[in-house]
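Numbering-wise (our numbering), the sequence shown opens with residue 1 and increments by one.
Restraint-style ranges between C-beta atoms, simulated for each label pair:
no.	residue 1	residue 2	range
1	L113	D12	38 to 46 Å
2	P72	S118	29 to 37 Å
3	E66	R112	16 to 24 Å
4	D12	I54	33 to 41 Å
5	S45	V108	14 to 22 Å
6	D129	M1	20 to 28 Å
7	G100	Q27	13 to 21 Å
8	S141	R112	34 to 42 Å
9	E95	I54	39 to 47 Å
10	D110	D12	32 to 40 Å
11	D129	K77	15 to 23 Å
12	A137	L113	29 to 37 Å
13	D97	I54	41 to 49 Å
14	G115	D42	31 to 39 Å
Think about it this way: if two alpha-carbon atoms lie no more than 20 Å apart in a straight line, the pair counts; the simulated DMTMM-like pairs of lysine to aspartate or glutamate are:
no.	residue 1	residue 2
15	K77	E95
16	K81	D62
17	K81	E106
18	K77	E90
No lab work stands behind these hints, which were simulated from the structure alone.
Heads up, the beta-carbon is just placed ideally off N, CA and C, and yes, glycines get one too.
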Amino acid sequence: MTVRVSRTFEFDAPPADVWAFISDAEQRADAISVVDSFEVHDDGSATWHVALPIPMIRSTIDVETEDVERDPPNRVKFVGKSRAFRVTGEHEITETDDGGCRLANEFVVDGRLPGVESFFKRNFDAELDNLEDALRASLASPA
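Work out the full structure, taking the sequences as your base and the hints as a guide.
Pasting the structure below:
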(Lines of atoms letter the chains of each structure in order from A and count residues from 1; the text may use other names and numbers.)
(Lines give C-alpha, C1' and ligand atoms only; values in the text may rest on other atoms or scores of the structure.)
Protein backbone atom coordinates (compact mmCIF):
# COMPACT_ATOMS: atom_id res chain seq x y z
CA MET A 1 0.00 0.00 0.00
CA THR A 2 1.23 3.45 -0.86
CA VAL A 3 0.26 6.60 0.99
CA ARG A 4 0.14 9.78 -1.07
CA VAL A 5 -0.74 13.27 0.11
CA SER A 6 -0.73 16.62 -1.64
CA ARG A 7 -1.30 20.09 -0.30
CA THR A 8 -0.73 23.61 -1.59
CA PHE A 9 0.24 26.62 0.52
CA GLU A 10 -0.03 30.29 -0.49
CA PHE A 11 2.45 32.91 0.73
CA ASP A 12 2.69 36.69 0.51
CA ALA A 13 6.41 36.31 -0.05
CA PRO A 14 8.66 36.22 -3.09
CA PRO A 15 9.36 32.75 -4.52
CA ALA A 16 13.08 33.12 -3.71
CA ASP A 17 12.31 33.37 0.01
CA VAL A 18 10.20 30.20 -0.05
CA TRP A 19 12.89 28.47 -2.13
CA ALA A 20 15.53 29.34 0.48
CA PHE A 21 13.58 27.31 3.03
CA ILE A 22 12.19 24.43 1.00
CA SER A 23 15.42 23.66 -0.87
CA ASP A 24 17.37 23.37 2.40
CA ALA A 25 17.59 19.74 3.58
CA GLU A 26 18.16 20.83 7.19
CA GLN A 27 15.07 23.04 7.35
CA ARG A 28 12.88 20.36 5.74
CA ALA A 29 14.05 17.71 8.22
CA ASP A 30 13.71 20.03 11.21
CA ALA A 31 10.03 20.68 10.40
CA ILE A 32 9.01 17.01 10.55
CA SER A 33 8.05 15.86 14.06
CA VAL A 34 9.14 12.22 13.67
CA VAL A 35 12.65 13.26 12.64
CA ASP A 36 14.39 12.80 15.99
CA SER A 37 17.74 14.12 14.71
CA PHE A 38 19.57 14.47 11.41
CA GLU A 39 22.91 15.14 9.79
CA VAL A 40 23.40 17.05 6.55
CA HIS A 41 26.43 15.77 4.64
CA ASP A 42 28.91 17.78 2.56
CA ASP A 43 27.36 16.53 -0.68
CA GLY A 44 23.93 17.90 0.34
CA SER A 45 22.44 14.52 1.22
CA ALA A 46 21.16 13.95 4.73
CA THR A 47 20.53 11.17 7.20
CA TRP A 48 17.28 11.50 9.12
CA HIS A 49 16.93 9.51 12.35
CA VAL A 50 13.19 8.86 12.41
CA ALA A 51 11.27 7.67 15.47
CA LEU A 52 7.97 6.06 14.47
CA PRO A 53 5.66 5.07 17.33
CA ILE A 54 4.69 1.68 15.92
CA PRO A 55 5.15 -1.77 17.51
CA MET A 56 7.55 -3.22 14.92
CA ILE A 57 10.11 -0.47 15.46
CA ARG A 58 11.94 -0.18 18.76
CA SER A 59 14.60 2.38 17.81
CA THR A 60 15.10 5.19 15.35
CA ILE A 61 15.30 4.38 11.67
CA ASP A 62 18.08 5.86 9.56
CA VAL A 63 16.61 7.35 6.41
CA GLU A 64 19.18 8.31 3.77
CA THR A 65 17.80 11.28 1.84
CA GLU A 66 19.02 13.07 -1.23
CA ASP A 67 17.71 15.59 -3.69
CA VAL A 68 17.15 13.84 -7.01
CA GLU A 69 15.86 16.84 -8.97
CA ARG A 70 16.56 20.54 -8.47
CA ASP A 71 15.32 23.37 -10.65
CA PRO A 72 16.15 26.52 -8.64
CA PRO A 73 14.12 28.46 -7.63
CA ASN A 74 11.08 26.49 -8.75
CA ARG A 75 11.26 22.82 -7.85
CA VAL A 76 13.02 20.30 -5.65
CA LYS A 77 12.35 16.58 -5.33
CA PHE A 78 13.95 14.36 -2.72
CA VAL A 79 13.97 10.64 -1.99
CA GLY A 80 14.53 9.02 1.38
CA LYS A 81 15.31 5.31 1.73
CA SER A 82 15.36 3.09 4.80
CA ARG A 83 14.70 -0.49 5.81
CA ALA A 84 11.18 0.52 6.93
CA PHE A 85 9.99 2.79 4.13
CA ARG A 86 10.79 4.88 1.10
CA VAL A 87 9.58 8.48 0.95
CA THR A 88 9.48 10.86 -1.98
CA GLY A 89 8.81 14.54 -1.47
CA GLU A 90 8.27 17.08 -4.21
CA HIS A 91 7.93 20.84 -3.78
CA GLU A 92 7.07 23.19 -6.63
CA ILE A 93 6.92 26.98 -6.33
CA THR A 94 4.96 29.18 -8.71
CA GLU A 95 4.70 32.94 -8.58
CA THR A 96 1.21 34.42 -8.18
CA ASP A 97 -0.10 37.58 -9.83
CA ASP A 98 0.05 39.53 -6.56
CA GLY A 99 3.81 39.06 -6.08
CA GLY A 100 3.47 36.15 -3.67
CA CYS A 101 3.77 32.49 -4.49
CA ARG A 102 2.17 29.10 -4.24
CA LEU A 103 4.00 26.04 -2.94
CA ALA A 104 2.63 22.68 -4.11
CA ASN A 105 3.77 19.74 -1.99
CA GLU A 106 3.42 16.04 -2.66
CA PHE A 107 4.65 13.19 -0.51
CA VAL A 108 4.54 9.47 -1.23
CA VAL A 109 5.44 6.78 1.31
CA ASP A 110 5.89 3.12 0.46
CA GLY A 111 6.09 1.10 3.67
CA ARG A 112 8.24 -1.99 4.01
CA LEU A 113 7.20 -2.91 7.57
CA PRO A 114 3.68 -3.40 8.99
CA GLY A 115 2.22 -0.23 10.48
CA VAL A 116 4.36 2.27 8.58
CA GLU A 117 1.77 3.22 5.97
CA SER A 118 -1.08 3.42 8.46
CA PHE A 119 1.05 5.68 10.67
CA PHE A 120 1.72 8.06 7.78
CA LYS A 121 -1.89 7.90 6.61
CA ARG A 122 -3.03 9.04 10.08
CA ASN A 123 -0.31 11.68 10.53
CA PHE A 124 0.47 13.21 7.14
CA ASP A 125 -1.88 16.16 7.61
CA ALA A 126 -0.24 17.10 10.91
CA GLU A 127 3.23 16.79 9.36
CA LEU A 128 2.21 19.10 6.50
CA ASP A 129 0.87 21.55 9.09
CA ASN A 130 4.31 21.40 10.77
CA LEU A 131 6.04 22.10 7.46
CA GLU A 132 3.75 25.05 6.71
CA ASP A 133 4.17 26.46 10.23
CA ALA A 134 7.98 26.22 10.03
CA LEU A 135 8.03 27.87 6.61
CA ARG A 136 5.75 30.71 7.76
CA ALA A 137 7.92 31.24 10.86
CA SER A 138 11.01 31.35 8.65
CA LEU A 139 9.42 33.97 6.39
CA ALA A 140 8.40 36.08 9.41
CA SER A 141 11.92 36.05 10.89
CA PRO A 142 14.21 38.93 10.03
CA ALA A 143 17.05 37.86 7.72
